[in-house]
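A.B. asks: Residue strings, one per chain:
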Amino acid sequence: MTLSKANRQRMLAYGLLLPAFIVCAVFIVYPLVMTVVNSFKPGAGMNLAKNAKIKFNATTYVKTLKDTETWKVLGRSFVYLFGSLIPSYLIGLGTALMLNKSFAGRRTFRLLMILPWAIPGVVASIMFMWMFDSTYGVINHLLMKIGLIDAYKPWFVDRQLVMFSVILPTIWKGYPFFTITLLAALQAIPIELYEAADVDGCKAWSKFIHITWPEISEASALALILNGLWSFRVFDIIYAITKGGPGTASTTIAIKIYNEAFQYFDINKASVLGVVSVVVCGIICLIFYPYMNQEGK
Amino acid sequence: MTNYRALKRLKKVSFYVGLVFILVVLLFPLYWAFQSSITSTRLILSKNPPLFPVSFDFSAYKEVMTRKPIFLWLKNTVFVSITSTVFGVALSLLAGYSLSRFKTMGNKMMGFFLLLSRMLPATLLVIPIYMMFSKVKMINSLWALIMMNLVNIIPFSTWMMKGYFDSIPRELEEAASIDGCTWFGGYTKVVIPLTLPGIAAVSIYSMILCWNEFLYSRTLAYNEKRWVFTVGISSFIGEHSINWSQIMAGGILFIIPLMIAFAFLEPFLVRGLAAGSVKG
Amino acid sequence: MKKGLLFVLVIALMCAPFAVFANATPEKKGSEPIVLDFPTWQAEEAGFAEFWKTVIPQFEAQHPNVKINISQIPFSQFTDTLITRYSAGDAPDITHIATRFFDQFASQDWFENLDPYFKGTDILSDWTGLEDAMLVDGHHQGLVLMGYGFVLYYNEAILNKAGVSVPTTVAELKAAVDKINALNDADISAYGTTTTQHNNAYNDFANFIYGEGLTVVKNGKFYLNTPEVVAAVKDYNYVASNAPVGVTTEMLRQLFIDGKVAMMIDGPFVAPLIEKADADLKPSLKIARVPFTQIPGTISNSLHIAKDLPEERKRLAFDFIKIVAEKENQLLYTKYTKNPCGRMSVALEITDPNTKYIFEMGAEAVNTLPASKNLSQNYSKYTSLAVEHILQLQKKGANVEAILKAMENAMYSNSLEP
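Residue numbers (our numbering), protein chains in the order written: chain A, 1 to 297; chain B, 1 to 280; chain C, 1 to 418.
This is chain A alone, in the form it adopts within the complex (with noise of 0.2 Å):
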């Protein structure tokens, strides 16, 4: 019995994916599980075996939803996801255009550029609370140097310059991302494009606009999709300058969680958040889902 060639290709499809998909799919399951229970357990500790006795309520999801305090963590998680990822990108887009060209010194200029990345996330926030130190920190130096600023800012301190503070490191570990990714994506840009617009006369300009861009544009979106669910999660970089303060000024979701979790020891109110967090990334995806499912060319 030979099978039809739908069939075959079905079985070739899920054959290449499926590997991929258990290796995540066994060590995420049963995470999301717990987690959803333990949102529905009002109350519970840390002391899992005891959870076990109590019984399923959604009251919490309720207490949250209803708290001011959770809309505005949400509020300043999109503010540190945007303020980090736009510019980020942006960086990246610049770097990789210049590191497109041919020029002498092109491989160092490109080892040099993606550096922030490599610096582990630890090294980088000591590195900016002392550059950006109220009292003692280098940045206040230069910038008065300069004449930019006329006294000393606290950076960190300060509840309105705080996520502007931290979002500066995370732009500075993020922009090699898509340094690379955007290279990679320009590289497959056939020369004979470029060489055709150029007889035909055209600015750099809108050499960009008719021929770069259109060919970078899903693997641009597929970038932002992907460093935005990094962004959205992560809390390192955060937490270890300001821990989310002073107070909360700088508590985006995933420092919430942390405390509610390690700090506070209510790991209800942490998987309720958790799962508010996963579906508000799930409603993006949702929605960018189909740009980035495109066909190929």
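What the hints contain is simulated information worked out from the structure, not anything from laboratory work. Accuracy of the hints is not assured; some may be wrong.
Dumping the calculated SDA-like pairs for lysine to any residue here, alpha-carbon to alpha-carbon at most 25 Å [to be verified]:
no.: 1; chain 1: B; residue 1: K75; chain 2: B; residue 2: N140
no.: 2; chain 1: B; residue 1: K189; chain 2: B; residue 2: A90
no.: 3; chain 1: C; residue 1: K179; chain 2: B; residue 2: R42
no.: 4; chain 1: C; residue 1: K405; chain 2: C; residue 2: T355
no.: 5; chain 1: A; residue 1: K5; chain 2: B; residue 2: F102
no.: 6; chain 1: C; residue 1: K338; chain 2: B; residue 2: K189
no.: 7; chain 1: A; residue 1: K101; chain 2: B; residue 2: Y4
no.: 8; chain 1: B; residue 1: K12; chain 2: A; residue 2: K5
Restraint-style ranges between C-beta atoms, simulated for each label pair [unchecked claim]:
no.: 9; chain 1: C; residue 1: P283; chain 2: B; residue 2: F56; range: 25 to 31 Å
no.: 10; chain 1: A; residue 1: F208; chain 2: B; residue 2: K137; range: 28 to 34 Å
no.: 11; chain 1: B; residue 1: F28; chain 2: A; residue 2: D150; range: 18 to 24 Å
no.: 12; chain 1: A; residue 1: W213; chain 2: B; residue 2: D179; range: 30 to 36 Å
no.: 13; chain 1: B; residue 1: K62; chain 2: C; residue 2: G163; range: 38 to 44 Å
no.: 14; chain 1: C; residue 1: E32; chain 2: B; residue 2: V25; range: 56 to 62 Å
no.: 15; chain 1: B; residue 1: L172; chain 2: A; residue 2: I287; range: 30 to 36 Å
no.: 16; chain 1: B; residue 1: I260; chain 2: C; residue 2: K373; range: 38 to 44 Å
no.: 17; chain 1: B; residue 1: I260; chain 2: A; residue 2: A204; range: 57 to 63 Å
no.: 18; chain 1: A; residue 1: W213; chain 2: C; residue 2: N399; range: 50 to 56 Å
no.: 19; chain 1: C; residue 1: V230; chain 2: B; residue 2: F56; range: 51 to 57 Å
no.: 20; chain 1: A; residue 1: I149; chain 2: C; residue 2: S413; range: 34 to 40 Å
no.: 21; chain 1: C; residue 1: S413; chain 2: B; residue 2: F112; range: 58 to 64 Å
Note that beta-carbon positions come from the ideal geometry of N, C-alpha and C, so glycine has one too.
For chain A, the structure is supplied; the task is to place chains B and C on it using the hints.
C.D. replies: Just chains B and C now, with coordinates in the frame of chain A:
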């Protein structure tokens, strides 16, 4: 005609100037980390820190390299990173191709699930994951780290490879099969070579992800003999004080192996085989 | 049909791990040596490491078939790792924690009641009064290893330059701050305290209150908005507003030994750091009694035993604790670490004057942990919320009454009644 040449030279010079300026701004924190590792904190944390190295005091590096088992950390990190990257990229190559070429319902759902697995906050994953590994007695095994790295790498790499595969027209594979190649032959001889820049990018991305991994490394492999570099560096943060110059020195040393790996992978990022493949 | 088969196969594969994990059984312990797991952040810390390396062989000599595996976990992730292990049901055999988390851990019903084990030993009768902090429902659930009183660190050179002698009262402290500010040296701060969102920032605030014989909680109510406490906090505001802004505790200590902070109040464990100061600064960096009427103090760390361990391991773990508590070893503890130990009678045998001084201050110290079950069980949340307001109290010209009122209201609205 000299006007044209002058303009061209001006463009070239301003390009280099712009490049160097951007580099200086972007790499300043790294430079400052280096400066902090060779200058005393008394000078660095002051109202008038020295912007250029005044004393080349490499004692922090000496301390780090002799007092701490830094080569053990390096060995562990290299083992975990390379193994995870090799397996991760291999799995993503297959999976990404599938997502690109086949649009079945099952594929769409599995593809979405891969993204979903990146939406759960890590702090909520840690305890159930620890439980799972604890039950099969794989705590303090580097293979546990490799598996968690795979979970980190695969979703992104798969989708990124899908993007790169999307840019390879199907006509090429069809041409190959007309020439008598099996699917696999076509895949390896035609498609893969064209996506080498993508593969290089994904490999670099995976290496860096593994190299920087901290949360699972510190939770699942807390035994000193199994520390990876990130956990080792965090040990400079003591209960009462932080050894500042050593942490900065450690951070700088940390990047060096990565730079070597990158120098090795970087040629593949370059246009070469991709050019001129699409004809009419 | 093929699609259905495939679907079933996928589900089966996803369920397989559950089967594997659920059925993994613990190995039988035959005549192999028993290994007790002892993770701590002190395995490589100067002074403490020597102590542990002395008592562990003593234990192993007494128990031929048992070994203790002491492992180093960096302090910054120690508590999180411990929480993960306890939650996952994989608690270590010997539990060492920073005591400020004790009540939180105990509230999860994780610790064994040690009173039955203490019976028949002389430990409780010769131990620091701070051991009472280990009581949960009238039973001790741990052994305090180190309680201490805060001390005043000062830079003699700066004080001399400003023409000030070491302050012994809060009034003198305020005057000293003024005189040092008059020097107008931009590189020097007259006083230092933690000025970032961390529960260490709570300590200094509490010190100014408890140091004057007051408390934060009295008779089951917050005592914050009484005239005496408001006055004490105003003093805190006066002094703390001179501290460098946005500085973590570790940065603060570094700034002190770099000669950039004139005075700060911290635990005695900072003294070894002074050894690392530059040679020209070291002679000026000194310790004195805090400028308060009482010495505020707290407990640093303690040993505990997990409730869910097999009986034999619990007994062995307590045998280890017994050895740690022996008089000779307690003397070694103080000798190696230069910190007060738990056994009180050791005080008579200390010869080094500095250490004796610190020991006496530790014995005199008043516990600054809140005297309320709800607050100590929610210590992290309580201090986190308090620090949010304390950071505002660190600004010059802050409206102390308003902030203290806001703090009390915030506590009540977050279910943090004393």
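A.B. asks: With 30 to 36 Å as the target window, see if A:W213 and B:D179 comply at their CB atoms.
C.D. replies: Cβ of A:W213 to Cβ of B:D179: about 35 Å, so the range 30 to 36 Å holds.
A.B. asks: Taking 56 to 62 Å as the stated bounds, is the beta-carbon spacing between C:E32 and B:V25 within them?
C.D. replies: holds (60 Å)
A.B. asks: Run the distance test for B:K189 versus B:A90: straight-line Cα separation, threshold 25 Å.
C.D. replies: At roughly 16 Å apart (the allowed maximum being 25 Å), B:A90 and B:K189 satisfy the hint.
A.B. asks: Between C:P283 and B:F56, is the Cβ distance one that fits in 25 to 31 Å?
C.D. replies: holds (28 Å)
A.B. asks: Quickly compare the C-alpha distance for B:K75 and B:N140 to 25 Å and report which way the hint goes.
C.D. replies: holds (15 Å)
A.B. asks: Does the structure keep A:K5 and B:F102 at a Cα separation of 25 Å or less?
C.D. replies: Holds, at roughly 13 Å.
A.B. asks: For C:K405 and C:T355, compute the direct alpha-carbon distance and say whether it is at most 25 Å.
C.D. replies: This hinted pair is violated, its Cα atoms lying about 41 Å apart.
A.B. asks: Under the criterion that the straight-line Cα-Cα distance not exceed 25 Å, is the pair C:K338, B:K189 satisfied?
C.D. replies: violated (70 Å)
A.B. asks: For a C-alpha distance cap of 25 Å, please report whether B:K12 and A:K5 respect it.
C.D. replies: violated (56 Å)
A.B. asks: With respect to the beta-carbon atoms only, verify the hint that A:I149 and C:S413 lie 34 to 40 Å apart.
C.D. replies: holds (38 Å)
A.B. asks: Has the hinted range 50 to 56 Å been met by the Cβ atoms of A:W213 and C:N399?
C.D. replies: holds (55 Å)
A.B. asks: Per the hint of 58 to 64 Å, is the separation of the Cβ atoms of C:S413 and B:F112 within bounds?
C.D. replies: violated (40 Å)
Of the numbered hints listed earlier, those contradicted by the structure are 4, 6, 8, 10, 16, 17, 21.
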